[in-house]
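Engineer: Could you put the whole structure together from the sequences, leaning on the hints where they help?
Given next are the chains, with one letter for each unit.
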Amino acid sequence: MSFASASLYALLVAPMLLLALGLTAGRGPAGRARASRWTWLAHALAVVAATVLAVTALSAVWRDQGMNGWSLLIHAGVAAPLYLVALLWTTAWETGLSRAAHGPAPISLFRKLVFGLYTTAALLTAGTMLFSMLPLFGYDLLVWSIEVHRWSGLALLVLLMGYLYALWARR
Amino acid sequence: MVGIARGIWFGLSALLTTTAQTSAPDDSVRPLRADSDAPYVHRLTLYDEHGQAIDPRDELAKPYSPKATCGKCHEVGTIALGWHFNAAHRSPKAARRGEPWVLADSQTGQQIPLSYRGWPGSFDPAALGLSEWQFVSRFGRHLPGGGVGDLDPAVRNATREATRWNISGSLENDCMSCHTAAGATYDAPEWARQIERENFRWAPSAALGLALVRRDAKRLPDDFDPDSPPSPDYPERQPPQTIYDLRRFDGEDRVLFPISSRVPNERCSYCHSAHRVGADAPPRWQQQEDVHLAAGISCVDCHRHGIDHAVTRGYEDEANDSCQPSRAALSCVGCHLGRQFPLARLSADSTALMLGGPLPAPRPEHVGIPPVHFEKLTCTACHSGPWPDETTWPAQTAMAHALGLSSRERDAGTLPNIEEPVFAIGDDGRIAPHRALWPAYWGITRGARFEPLPLEEVRAALGRILPKPKIADAPAVPLSDQQITAGLRALTARAARPTATPGAASASAPAPRDIGYLRDGWLYRLADDKLQRAAHPGAKPYLWPVAHAVRPASRSLGARGCTDCHADDAPILVGELRTSTDPPDRFAQSRQSDLRGDDAALQRAWSGAFAWRTEFKLAAFALLGATGLVFLRWLLDAIAPVRASTAQQRADEGTRA
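Going down the list, the protein sequences come from chains A and B.
Per the numbering used here: the first sequence = residues 1 to 171.
Per the numbering used here: the second sequence = residues 1 to 657.
There may be inaccurate statements among the hints.
What the hints assert, rightly or not - Partner residues are not named here, just some residues of chain A that face chain B (Cβ under 8 Å, in silico):
| no. | residue |
| --- | --- |
| 1 | A10 |
| 2 | W70 |
| 3 | E94 |
| 4 | L130 |
Hints listed in this document are in silico derivations from the structure and should not be mistaken for laboratory results.
Bear in mind that the values here come from a model prediction, so they are computed numbers and not experimental data.
Yeah, the Cβ is synthetic: ideal placement off N, Cα and C, and Gly gets one too.
Structural biologist: Structure, rendered in structure tokens:
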């Protein structure tokens, strides 16, 4: 399956799956930790930046074109650094929660699993491009790293939705 | 499918037009073949154009005919379809634009790109009133013969210069103009001299040094009969005489031809040389040499062909354009990267192509260069032509400036004005270095097009107004506004002059607004008898790609880093395009990026981004590293209960034990 098709299916199916899960499972009891406004801002930044990254990347993919021009500049020069800031922020928040989570209301395994995979995908997605900016990889490795970048980026998007659902579901 | 259709069209049209136009001999006789890698010694009897063996001692001996002599063994009709000869067929289009012939006239301030191939931006010589005869007379100096020089007799006899063709004969495809072995002499300037004297059929004998040619066909009157015997009563009516060098003939009147199937580089260079000129130009010995030639690779190692002489041009899409997959191996990518195939199991031929074809070359790593560069740029963008500078440079080419022929007058100002390197978007949508010729001509608006007027018409109207240069190759002086105004008035008056048919003039006479002079992207016209200038969409430069000289990786664009191109002052962005009429503020599109239609704000943004690239990388790596460390902490915490549980389990087991 081509990346263009896979990304289309993934971005159609994942939200519907989570919606169905949300409707059937409902929302759990409020957790012990209540997020601050700054934490909300961090998550909002992550969502906005990831959306911009997805739009700039997938609009080119679906048009069967390579990224270039303004879309590449916004993707790599604006949205990606903002997303990295948001990622650090949310990871720190989750880690803080996790360290304090040995109390009566531990974080759910689903949320842990989704957050772990999501952050792994995010690190892989960012890492492949950042290391590509160093004079280390030749043409073949660069092409390979772009492949890894786009597939892990797609996984990141799906897992981000899952993580947001896990935050909402509180279980 | 499009490629296949194009290939079929190419084949059919080539076949049909060849049959219709050229004087193609019968190729039905099976050719003699040696089929060995060892060179075949060509000790040949010479034949004249009628197929008669030549007696070199005969005072009336005719010149040798390459078509008759070489055609004894080789399929010269098939060869006549080759790229070097088939332009005049018009139909077989060379897919990628190439160098045009340039009709340059310094008196009338014109430089017009010409091509029979229909390349966009070029003009068919016939549209300018230039007959095949005139074309050969003007450009035959750098034609290998054949094509327009060797028309089918029926076509030739229908031209207005039929009598001259009859006297001068055909300018046959001269095999030796390319296939003379290295070290042997082929006197190309002598070929040019014979053409100047209109001794077309004598040119191959003279250029190869087989014979001296006395007298000029040019001096013979139109009613001269070339088949009539010379008469002592009319000494002025003597055709050119062929005096063979008997030392070149053996006891059986055969000649040892110094032939090589591998054409030496020097023979290619005669027509395909180009170099930078001007006060700033480095001396010839300091100019860039092609890295492949320096490494001992010859032109024909890459520019290969079969008996059809469809020489591989070496661009990436050629395999599709020609429907010959094997040509994919003879491009930059083909040799250096190999060709990718979607098939799981490949034939031996496909595997060979995948591995670099017949000349597998070192595979470039392109370390640290994002792959988007290979989507947006051709290989030549970074590796070919002269290094870009603040301005483009004037260049001269053999075809345009008659390089190879000695001249005391030719200098940097000699028309046509060609500039290089111009980083424009090529036919494949990628940026590539080009040479640029800004068309300059007196013309007329027809619909959306502005088309040149016939040269003779322009000369007749402007000949007395514009000063005639004393020397043909004298540096061109751009026409002043006053001269352009006077020229437009003269052309308008001439167009409005009544013709023999009453009423015809008023019906067809162009309005003053229709007649104009186009130069450097501007169209000059008269409005209320005043000169006005406006940019014209049809006034784009004619561009053709520069493939050589190829620079090695150490001298390619980007060798010093990203800012070779991604900087505010990068020549490929803000380099000025010069023209015949500096200063450049007279110029419609004055920068490299203007010509490509680049988004200026985007370019500034990219350049600005690259100014902070190091800091950007450091910050990004710091963020990534910090996130990684925090995530590691999270991971350890996440698995802490599991680890604690396992440790407790072990402790319990230990207690029980």
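Engineer: Hints first: check each against the structure and report whether it holds.
Structural biologist: Going down the list of hints, with the structure as the test:
1. With a cut of 8 Å, the hint placing A10/A at the interface with chain B is violated, because the nearest CB-to-CB distance is about 23 Å.
2. Satisfaction of the interface hint for W70/A is found here, the shortest Cβ-Cβ separation to chain B being roughly 6 Å, below the 8 Å cut-off.
3. Here the hint on E94/A is kept, as its CB sits about 6 Å from the closest CB of chain B, short of 8 Å.
4. The interface hint given for L130/A holds, since its Cβ lies 5 Å from the closest Cβ of chain B, which is under the 8 Å cut-off.
In summary, the one numbered hint that this structure violates is 1.
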